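Residue numbers (our numbering), protein chains in the order written: chain S, 1052 to 1303; chain V, 2 to 470.
Worth flagging that the hints you see were computed from the coordinates, not collected in a lab. Remember, it's a predicted structure, so these values are computed and weren't measured experimentally. Among these hints, one or two may not hold up.
As the list claims (entries may be wrong) - Not the full set, but computed from the structure, chain V residues with beta-carbon under 8 Å of chain S:
id, residue
1, 81
2, 377
3, 428
4, 444
Claimed, not checked - Label pairs and their calculated CB-CB ranges:
id, chain 1, residue 1, chain 2, residue 2, range
5, S, 1165, V, 143, 41 to 49 Å
6, S, 1129, V, 401, 35 to 43 Å
7, S, 1106, V, 171, 51 to 59 Å
8, V, 145, S, 1169, 46 to 54 Å
9, V, 16, S, 1281, 53 to 61 Å
Built from N, CA and C at the ideal position, the CB exists for glycine as well.
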Amino acid sequence: MVNQLEIRNLHARIVDGETILNGVNLIVPKGQIHAIMGPNGAGKSTLGKIIAGDPSYEITKGDILMDGESILEMEADERARKGLFLAFQYPVEVPGVSNANFLRLALQAKQGGEVNMMEFYGKLQKALKTLEWDESILTRYLNDGFSGGEKKRNEIMHMMVLEPTYAIMDETDSGLDIDALKVVAKGVNAMRGPNFGALLITHYQRLLNYIVPDAVHVMIDGRIVTSGGPELALRLEEQGYDWVKELAATAS
Amino acid sequence: MSENILVEDIGNEYKYGFVDEVQPVWKAEKGLSRRVVEAISYHKDEPAWMLQFRLKALEIYQSKPVPTWGADLSGLNMDEIYFYAKPTEKRDARSWDEVPEEIRRTYEKLGIPEAERKVLAGVGAQYDSEMVYHQVREELQRLGVIFVSIEEGLKHHEDLFREYFATVIPPEDNKYAALNSAVWSGGSFVYVPKGVKVELPLQAYFRVNTAELGQFERTIIVVDEGAEVHYIEGCTAPTYTTDSFHSGVIEIVVNQGAKSRYTTIQNWSHNMYNLVTQRALVKKDAYHMWLDGNLGSKVTMKYPSSYLVEEGARSDILSIAFANTGQHQDAGGKLIFAASHTGGSIVSKSISKGAGRSSYRGLIKVYEGAKHVKVNVECDALLINEESRTDTYPYMEIEDDTATVGHEATVSRLNDEQIFYLQSRGLPEDEAAALIVRGFIEPVAKELPLEYAVELNRLIELEMEGSVG
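Full structure from sequences and hints, please.
Listed below in structure tokens is the structure:
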């Protein structure tokens, strides 16, 4: 079995609309954390949503493989139960549904049976402690009235409790102050290990000071145009994206 | 995602639609007439004044036009309705063993005797036109709590009965209150003496078995000074191709400092016209809550009302309506403020699915001279599919400018982003949709006793199956 999340020559568009991805190739091996950077409108967030199975996009070509198995035909929930997780850029408010109750239902769906309450409570406690967070967040309605920072932190808490094999974090750093950023990074780093792979989508190098990636990829106009180590993020921070855009233009 | 799906008829999921092999021991001829009214009164062996009352109400009924301001009632044909069906000779059995076996089995299927043992203070069970069972825990009987059928109330507590009967809702109130006054049969008579707090709920369960039957229960609840009670009403019926009719009148008097709550979980089959008048008179420093859940029926018109007639009286009306294809839930509430320093709220949550239609219809009236009234209205509608429909008819008549009145209304659609978000955490689409709906009604559902909240959630999950996709 191949232990990796593979995006193979992926072309996609909004259902009956604009093309967003133009042949993305990307491999995230299990045990590694990769970052995707790129200017606004490059297609980074779209890539994240497509991997997670957002039905508002259609794939016109290519494949997505999780540990060697194509997940294209699977609904979003099936992918999640297989071990995929998307931390949303804009987590959605669901009034009337308590955070903890929802997490229990999600865990139950993933495990395919009743959740052991002691075990569940233990996971929650551990996640809250790492994220330096108060229990009161559990009884609040899911994202309802949460501040931007609380929503992002809550996504990481969900990830820690659901323990996915592959996680995509879509601009989890945006809108966080430096203290919150450190806490969130602590959560992600706590997940690090041989059975966890992640793809961080970010605009800024700042996050990567706290979550040091194994590789950095740069996306422009719906494709990966260059890849490298953490130093690539530093260069982007200093020089901007113009040089990569030129690179992209020469390549096509 | 949710746009193009027309759900054929989820009503097939209705699990209470079974028919019992029970033949009434006596049934009135079809249609409404003076003769039918006289026959009902005769079968009940009533005092003469009641027959006179019924006959006068019949005249009032006949003089009033069918209302056209609400749901479509043109399909309701009174000539095709039986107005009375007596299920058994014995009324108000005190033990389930005395209830005819076929009928008892139905209530067992509905889980009533079990609930009675576990979580209720008393149970009344109406089958077609009569209360076949009525029992209240002995310790409450010793404290003077009366919980009997309305007929037994008239027979054994006539003075008390006459003091309240038709005082909160006179026959002149509306066409269907007049009809009920003419042909009423069944319902409960409840009296909670001063200072007695009934901790567990009393429940009445209404079952219509005979096809094309009209059920006209009449309930009186008197909560005396400082007393407390919670009365729950549940209703189901078999699914027939012909229509049935339910038109109840519920009168409640909440005396000084008393607290009462009336909960309805109406889950009639989808061939039922359900036109109910229910009203509470709330006295000094007393409190009344209506919790009104309308899930079943073909057409419901129902606006629980509280009249706050003395200082310090308060009332909240919480309403949930679920309208599927072929259903119109025209529900809401009325708060009438006739005294100073009174207050209350209406919170209405409606869900329309398929081609279902739900309407919020509410009235807030503050009389001149009623000072410093505080009232808040919140009505939220959730639409599941493109062809689902909702309407809002909020009426406000504020005659005193010291009143503080808040009103908020929202309409939202089942949101694809919410569904994708929940799905991306592992919940299948149907479950995600049901969870969003449950969250939507949570502010009202959390007021339900646990067993009923669980049942409500289960019903919603059933109703939401295959709703999106």
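Right, here's what the structure says about each hint:
1. 81: Where the cut-off is 8 Å and the nearest Cβ of chain S is about 42 Å from residue 81 of chain V, the hint is violated.
2. 377: 18 Å, violated
3. 428: 5 Å, holds
4. 444: Nearest chain S Cβ about 7 Å off; hint holds.
5. S:1165 <-> V:143: 41 to 49 Å: Since residue 1165 of chain S and residue 143 of chain V have Cβ atoms about 44 Å apart, the given range 41 to 49 Å holds.
6. S:1129 <-> V:401: 35 to 43 Å: Violated, since residue 1129 of chain S and residue 401 of chain V (Cβ atoms, about 60 Å apart) do not stay within the stated range.
7. S:1106 <-> V:171: 51 to 59 Å: Roughly 57 Å apart at Cβ, these two residues keep to the hinted range, so it holds.
8. V:145 <-> S:1169: 46 to 54 Å: 48 Å, holds
9. V:16 <-> S:1281: 53 to 61 Å: At roughly 60 Å between Cβ atoms, residue 1281 of chain S and residue 16 of chain V fall inside 53 to 61 Å, so the hint holds.
In summary, the structure is inconsistent with hints 1, 2 and 6 from the numbered list given earlier, while agreeing with the others.
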